[in-house]
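Asks: Sequence:
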Amino acid sequence: ADKHATNQVGLTALGVAQQHNNRENIAILKGCFIPGVSNFKRKLEKQVVKYVTKASLLIFQNMDNISADDRNALLVILGLLLTATYQATLSPPGGVRQGENTSKSKGSYDAT
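According to the numbering used here, numbering within the sequence shown proceeds without interruption in unit steps and concludes at 112.
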């Protein structure tokens, strides 16, 4: 998402949060404008690619000498790792509705 994108009135997300005096969102959005945040993400992605490349080279360098049973076991392990990684990206900690206000519990009624 583009942090500099504007709505029809010309306000950015930070501008809208400031207009509504939403302090929590203002703090979060101001953090997005810190140059180190976007640089950190790029550096992290580069490191992940580097380590995955090294690991795959170590794992697959002698694939010609591996038995069929060992190859099948390796494929099962890699499939499980990929599945777990994919699932972890789809299920963030606390669930999707983590930021919603849950002050009123379901099923309770106001007696006023």
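Hints were generated in silico from the structure; no laboratory data involved.
Please note that the accuracy of each hint is not assured.
[As the list claims (entries may be wrong)] Each computed SDA-like pair below joins lysine to any residue, with the alpha-carbon atoms no more than 25 Å apart:
| id | residue 1 | residue 2 |
| --- | --- | --- |
| 1 | Lys41 | Leu75 |
| 2 | Lys41 | His20 |
| 3 | Lys46 | Gly79 |
| 4 | Lys41 | Ala5 |
| 5 | Lys46 | Ile59 |
| 6 | Lys50 | Asp69 |
| 7 | Lys41 | Leu82 |
| 8 | Lys50 | Ile77 |
| 9 | Lys41 | Ala27 |
| 10 | Lys41 | Gln61 |
| 11 | Lys50 | Ala84 |
| 12 | Lys43 | Thr53 |
| 13 | Lys41 | Gly31 |
| 14 | Lys30 | His4 |
| 15 | Lys54 | Ala88 |
| 16 | Lys50 | Leu81 |
| 17 | Lys54 | Gly31 |
| 18 | Lys54 | His20 |
| 19 | Lys46 | Thr89 |
| 20 | Lys50 | Asn39 |
| 21 | Lys30 | His20 |
| 22 | Lys41 | Gln87 |
| 23 | Lys30 | Arg42 |
| 24 | Lys54 | Asp69 |
| 25 | Lys46 | Asp69 |
| 26 | Lys41 | Thr6 |
| 27 | Lys54 | Tyr86 |
| 28 | Lys54 | Thr6 |
| 29 | Lys46 | Ala88 |
| 30 | Lys50 | Ile28 |
| 31 | Lys54 | Thr83 |
Computed from a predicted model, the values in this text were never measured in an experiment.
Asks: For lysine 41 and histidine 20, compute the direct alpha-carbon distance and say whether it is at most 25 Å.
Replies: Violated, because 29 Å separates the two Cα atoms, which is more than 25 Å.
Asks: For the pair supplied as a hint, lysine 54 and tyrosine 86, is the alpha-carbon distance within the 25 Å limit?
Replies: holds, 21 Å
Asks: Take the C-alpha atoms of lysine 54 and threonine 83, compute the straight-line distance between them, and say whether it is at most 25 Å.
Replies: holds, 21 Å
Asks: Lysine 41 and glutamine 87: Cα distance at most 25 Å?
Replies: Holds, at roughly 21 Å.
Asks: For a C-alpha distance cap of 25 Å, please report whether lysine 46 and isoleucine 59 respect it.
Replies: holds, 20 Å
Asks: Holds or violated: lysine 54 and aspartate 69, Cα atoms, limit 25 Å.
Replies: holds, 24 Å
Asks: Tell me if the straight-line CA distance from lysine 41 to glutamine 61 falls inside 25 Å.
Replies: violated, 30 Å
Asks: Between the alpha carbons of lysine 54 and histidine 20, is the straight-line distance 25 Å or under?
Replies: Violated, at roughly 49 Å.
Asks: Run the distance test for lysine 54 versus threonine 6: straight-line Cα separation, threshold 25 Å.
Replies: Violated, because 42 Å separates the two Cα atoms, which is more than 25 Å.
Asks: Could you grab the alpha-carbon distance between lysine 43 and threonine 53 and see if it respects the 25 Å cut-off?
Replies: Holds: lysine 43 and threonine 53 sit about 15 Å apart, inside 25 Å.
Asks: Verify the proposed pairing of lysine 46 with threonine 89, using a straight-line Cα cut of 25 Å.
Replies: Given that 25 Å is the threshold and the Cα spacing comes to 18 Å, the pair holds.
Asks: Just to be careful, I want the Cα atoms of lysine 30 and arginine 42 compared with a cutoff of 25 Å; is the pair within it?
Replies: Holds. Lysine 30 to arginine 42 sits at ~19 Å (cutoff 25 Å).
The structure does not agree with the numbered hints 1, 2, 6, 10, 17, 18, 25, 28, 30 stated previously, though it agrees with the rest.
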